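Student: Here's the letter readout for the chains.
Number of protein chains: 2
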Amino acid sequence: MNKNAFRQLSYGVYVVSTWDHGRATGCTANSAMQITSDPATIAVSINHDNYTNSCIQDTGRFALSILGEHSDPGIIGVFGFKSGKDHNKFNEVESAVKSYLPVVADACAYIVCEVIDKMETSSHTVFLGKVVDADVLKKDDPMTYAYYHNVIKGKSPKNAPTYIAEEALTGSADSAQTSAGGAVQPAKYVCSICGYEYDGDTPFEELPEDYVCPICGQPKSVFEKK
Amino acid sequence: MNKNAFRQLSYGVYVVSTWDHGRATGCTANSAMQITSDPATIAVSINHDNYTNSCIQDTGRFALSILGEHSDPGIIGVFGFKSGKDHNKFNEVESAVKSYLPVVADACAYIVCEVIDKMETSSHTVFLGKVVDADVLKKDDPMTYAYYHNVIKGKSPKNAPTYIAEEALTGSADSAQTSAGGAVQPAKYVCSICGYEYDGDTPFEELPEDYVCPICGQPKSVFEKK
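Residue numbers (the numbering used here), protein chains in the order written: chain W, 403 to 628; chain V, 403 to 628.
Wrong hints could be hidden among the right ones.
Given that identical chains are not distinguished, each listed pair holds provided it fits within a single copy or across any two copies.
Within a straight-line C-alpha distance of at most 25 Å, the following computed PhoX-like cross-link-like pairs (lysine-lysine) qualify [said to hold, decoys possible]:
hint	residue 1	residue 2
1	K500	K405
2	K555	K540
3	K532	K405
4	K532	K560
5	K405	K560
6	K590	K560
7	K541	K405
In short, the hints are calculated from the structure, not lab data. Bear in mind that the values here come from a model prediction, so they are computed numbers and not experimental data.
Please put together the full structure from these sequences, using the hints given.
Tutor: What follows is the structure, encoded as structure tokens:
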């Protein structure tokens with residue numbers, strides 16, 4: 403089995419959110435899709451280890467905020483690489499309340515759902531939600547996972563279904579440090595927390611000491627030379 | 403509820419295939435996503451009215467062929483706009499057999515699954531498949547639904563969860579026939595079967611009478627002036 407095939411599946415980048423006893427919480431997700439058109443239903447897949455999973459089980463409702471290419475990529479870090487159990491994620495991201503559920507204000511669209519069924523798997527719950535509200539928030543192209551990976555240069559959190567350990571991938575272009583002509587390429591600096599690959603004009607070594615990863619907000623010290 | 407929000411969800415373009423008593427069959431799908439990574443599982447959503455649905459229920463297996471941007475768009479027409487009940491779709495498309503299941507040879511990757519669970523909805527079955535085989539077939543960017551819609555200018559079959567009747571969409575750019583300056587744009591010719599919008603250099607009226615829709619293969623006569 404060649405797991406590189408899974409990388410050919412196309413996804414968007416979403417924040418799935420709900421309430422935790424009156425406190426807004428959520429997590430990033432790639433796996434969301436419309437299932438039926440009338441009535442409209444949406445399925446999302448959430449890891450059992452994500453705190454948001456148990457909150458959706460409690461409330462029976464979730465909102466999907468659809469991130470656009472111009473949404474702040476820091477949103478992905480806040481919702482993807484920290485736990486909502488001990489972190490008030492919505493304190494760091496502007497929110498709005500739509501049909502009684504918290505959504506990300508900087509998303510390009512949102513969909514609010516009431517859970518009507520679910521399917522359990524070994525690690526994830528697939529929630530089936532009946533859409534109770536949906537709207538477009540701003541004109542933007544939706545962010546695809548390919549855009550996040552190729553342009554923003556981010557990676558999947560370890561709880562994501564799309565997460566594949568680097569060593570499981572064969573022939574990954576990421577591992578090539580020399581060009582076809584054999585010339586040595588500049589070293590890459592990669593955030594060890596979220597996988598963001600620094601690609602600024604300033605050499606990484608010359609960045610100020612208070613530089614933080616634009617995706618997950620971790621300090622310069624967690625970056626690793628590859 | 404603004405259904406335009408659903409259009410911001412990102413999808414790929416796939417052919418889901420299986421056997422019908424020894425005869426290969428399948429249908430196009432947009433709704434497929436990885437659910438778990440270890441063991442790897444994939445969920446696909448198939449309309450009850452698609453003949454492929456009952457064939458998957460019988461065989462307990464399906465293959466997902468992931469179309470690439472350079473895959474022949476005619477594949478989408480063969481698998482998306484004809485019924486496998488009375489049409490041997492794989493007679494028109496080159497196939498390969500992988501782990502005992504038929505796949506589309508011109509896809510960029512394939513994933514073969516054994517059904518381990520399913521969730522029924524009013525119109526679709528969500529099949530959960532454990533991956534038994536997967537591989538990359540050729541180097542290509544996977545085709546997204548946005549690429550199919552914006553570049554190839556195709557639309558969803560009516561059985562797709564992503565299908566939205568044009569009249570349900572508000573403010574659709576597709577409906578504008580005059581530019582902001584008020585200049586009249588050339589008439590559009592749209593295939594009434596699959597929604598493909600002709601965009602060739604030759605004026606539509608001057609195309610030969612044996613012209614057929616490149617997506618669904620229907621004759622010039624089914625095109626409508628918009």
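Student: Hints first: check each against the structure and report whether it holds.
Tutor: Hints, one by one, checked against the model:
Taking CA atoms no more than 25 Å apart as the test, K500 paired with K405 passes between copies only; the shortest distance there is 15 Å, against 38 Å inside one copy. Taking CA atoms no more than 25 Å apart as the test, K555 paired with K540 passes in both settings, with 24 Å inside one copy and 23 Å between copies. Within a single copy, K532 and K405 get their C-alpha atoms only as close as 32 Å, which misses the 25 Å cut-off; across copies the closest is 13 Å, which meets it. Taking the shortest alpha-carbon separations for K532 and K560, only the inter-copy value of 20 Å comes in at or below 25 Å, while the best intra-copy value is 28 Å.
Within a single copy, K405 and K560 get their C-alpha atoms as close as 16 Å, which meets the 25 Å cut-off; across copies the closest is 32 Å, which misses it. Taking CA atoms no more than 25 Å apart as the test, K590 paired with K560 passes inside one copy only; the shortest distance there is 21 Å, against 47 Å between copies. Taking the closest pair of Cα atoms, K541 and K405 come within 25 Å of each other only across two copies (15 Å); inside a single copy the shortest separation is 35 Å, beyond that limit.
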